[in-house]
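According to UniProt numbering, the sequence shown holds residues 1 to 310 in order.
Source of the hints: derived by calculation from the structure; they are not laboratory data.
Heads up, a few of these hints could be off.
[As the list claims (entries may be wrong)] 20 Å max Cα-Cα, derived DMTMM-like pairs, lysine to aspartate or glutamate: (1) Lys153 to Asp199; (2) Lys262 to Glu40; (3) Lys153 to Asp92; (4) Lys288 to Glu278; (5) Lys277 to Asp199; (6) Lys70 to Asp95; (7) Lys125 to Glu91; (8) Lys159 to Asp92; (9) Lys178 to Asp202; (10) Lys88 to Glu156; (11) Lys125 to Asp95; (12) Lys153 to Glu232; (13) Lys159 to Asp95; (14) Lys178 to Glu152; (15) Lys288 to Asp199; (16) Lys159 to Asp56.
[To be verified] Per label pair, the in silico range of CB-to-CB distance: (17) Glu278 to Glu75: 35 to 45 Å; (18) Glu32 to Glu75: 12 to 22 Å; (19) Val4 to Tyr182: 39 to 49 Å; (20) Asn9 to Asn157: 27 to 37 Å; (21) Glu278 to Arg27: 37 to 47 Å; (22) Gln29 to Asn9: 28 to 38 Å; (23) Val4 to Asn64: 23 to 33 Å; (24) Arg63 to Glu278: 41 to 51 Å; (25) Ser238 to Pro171: 39 to 49 Å; (26) Lys262 to Lys288: 29 to 39 Å; (27) Asp123 to Glu232: 41 to 51 Å.
Values in this document were obtained by computation on a predicted structure and should not be read as measured data.
Here a beta-carbon is modelled for each residue, glycine too, at the ideal position from N, C-alpha and C.
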Amino acid sequence: MTSVLLALNTGALMPAIGLGTWSPDDRSQIRECVEYAILEAGYRHIDTAYLYGCEDQVGEAVRNAIATGKVTREELFITTKVWPTFHKRMEDGLDLSLKASGLDYFDLVLVHWPIPVKCDSEDGKPFWPTNEDGYIARDTSSNHITMYQQLEKCLENGKAKAIGVSNYSIPKLESLLKECKYVPAVNQCELHPLLPRRDLCDFCTSKGIVMTSYFPFGGDGAPILKNEAIAEIAEKYSVSSSTILLSYHVNLGVSVVPKSFKPHRIKLNGKIVYLQKEDLKKLIDIGKEKPHRFNNINYDVDLEFGKEDW
1 MTSVLLALNT GALMPAIGLG TWSPDDRSQI RECVEYAILE AGYRHIDTAY LYGCEDQVGE
61 AVRNAIATGK VTREELFITT KVWPTFHKRM EDGLDLSLKA SGLDYFDLVL VHWPIPVKCD
121 SEDGKPFWPT NEDGYIARDT SSNHITMYQQ LEKCLENGKA KAIGVSNYSI PKLESLLKEC
181 KYVPAVNQCE LHPLLPRRDL CDFCTSKGIV MTSYFPFGGD GAPILKNEAI AEIAEKYSVS
241 SSTILLSYHV NLGVSVVPKS FKPHRIKLNG KIVYLQKEDL KKLIDIGKEK PHRFNNINYD
301 VDLEFGKEDW
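Work out the full structure: start from the sequences and follow the hints.
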């Protein structure tokens, strides 16, 4: 397992590779997978979210791993995200995550999406309420800044050791940085060679914000693994395409949270190779002219990601 650590602006060190736990279907195996990742594959970073509906299994796996005596809570880095249906009650949303997981704190808590969503329920559901026109029902009484400012209180009271954002564009970050008390530690976004987003990455680096990649293989079905240009580079290094894709991020100083429920792939995803500059450039250039996004959310508003992201 790679031991690469990335320094956050809080002074904490975040493992560059984490295990993603999103699953649109069967979540019954997540506890076993997280335990395997920690105890057998050497992972120390686990990425989850209230939306994923598996924080209870993640928390149980963490406790079970600690109970073996092979790892301590302080050695683990657990990330969660608060869904925007809690846009006026972000701490309440985090409290539900803490209760579900049985953890006393999270190492990193993110605003999951920068667009507040209408919700009248205590549990923040439904996650995807829609208007009559079929678009997600936005709530304009809050915004991406006020959601983040509520998490700042969670940083101060110790429920979160670090806070950050997810799916924030450069314009969203610029407006947030004018109003926030604490600079976000992380911005987690879809990133991969088909969606390099170097402008966003460079902006975040200039502000002391670490980027994290989700969908490093293109989401369900891992379509990017079939890319011929990536396969050619993998052959050069005598590794798999998945290793090249994960190495691409780590070589660029980006953390990455691949998901897998197969033990051999969980272990394989911890392997990193150091890439030559010419190969990094080839990977970046794959999506430079025609970037492609796999995670499309049906909002009736511009997310301000910019031309290069679409």
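Structure-based check of each hint:
Restraint check for Lys153 and Asp199: not satisfied, since their Cα atoms lie roughly 30 Å apart, outside the 20 Å limit. Simply put, Lys262 and Glu40 have alpha-carbon atoms about 13 Å apart, close enough for the 20 Å limit, and the pair holds. With a C-alpha separation of about 12 Å, the suggested pairing of Lys153 with Asp92 holds against the 20 Å cut-off. About 15 Å separates the Cα atoms of Lys288 and Glu278, which keeps this hinted pair within 20 Å; it holds.
Straight-line distance between C-alpha atoms of Lys277 and Asp199 comes to about 18 Å, which keeps the hinted pair within the 20 Å bound. Pair hint Lys70 plus Asp95 does not hold up; C-alpha atoms about 28 Å apart against a cutoff of 20 Å. Between Lys125 and Glu91 the alpha-carbon distance is near 16 Å, which keeps this suggested pair within the 20 Å criterion. Proposed proximity of Lys159 and Asp92 is supported: the alpha carbons are some 11 Å apart, at most 20 Å.
Using a Cα cut-off of 20 Å, the hinted pair Lys178 and Asp202 holds, with the two alpha carbons roughly 18 Å apart. For the hint linking Lys88 to Glu156, the alpha-carbon distance of about 18 Å falls within 20 Å, and the restraint holds. Using a Cα cut-off of 20 Å, the hinted pair Lys125 and Asp95 holds, with the two alpha carbons roughly 15 Å apart. This hinted pair does not check out: Lys153 and Glu232 have alpha carbons roughly 48 Å apart, beyond 20 Å.
A distance of roughly 8 Å separates the Cα atoms of Lys159 and Asp95; the hinted pair therefore holds under the 20 Å criterion. A hinted pair counts as satisfied when its Cα atoms are at most 20 Å apart, and Lys178 with Glu152 qualifies at roughly 14 Å. For the hint pairing Lys288 with Asp199, the CA-to-CA distance comes to about 11 Å; that is within 20 Å, so the pair holds. Simply put, Lys159 and Asp56 have alpha-carbon atoms about 17 Å apart, close enough for the 20 Å limit, and the pair holds.
About 37 Å separates the C-beta atoms of Glu278 and Glu75, a value consistent with the hinted range of 35 to 45 Å. For the pair Glu32 and Glu75, the supplied restraint of 12 to 22 Å holds, since their beta-carbon distance comes to about 20 Å. One distance hint, 39 to 49 Å for the beta-carbon pair Val4 and Tyr182, is violated here, with the actual separation near 25 Å. Judged by the Cβ atoms, the range 27 to 37 Å given for Asn9 and Asn157 is violated: they are separated by roughly 19 Å.
Take Glu278 and Arg27: their Cβ atoms lie about 41 Å apart, and the range 37 to 47 Å holds. Distance hint for Gln29 and Asn9: a CB-CB separation of about 35 Å, consistent with the stated range 28 to 38 Å. Roughly 26 Å separates the CB atoms of Val4 and Asn64, a value that falls within the hinted 23 to 33 Å. As the Cβ distance of Arg63 to Glu278 is approximately 46 Å, the hint placing it in 41 to 51 Å holds.
With their beta carbons about 42 Å apart, Ser238 and Pro171 fall inside the hinted range of 39 to 49 Å. Lys262 and Lys288 have their C-beta atoms about 32 Å apart, which keeps the hinted 29 to 39 Å range intact. Separated by about 48 Å at the C-beta atoms, Asp123 and Glu232 satisfy the suggested range of 41 to 51 Å.
In summary, the numbered hints that this structure violates are 1, 6, 12, 19 and 20.
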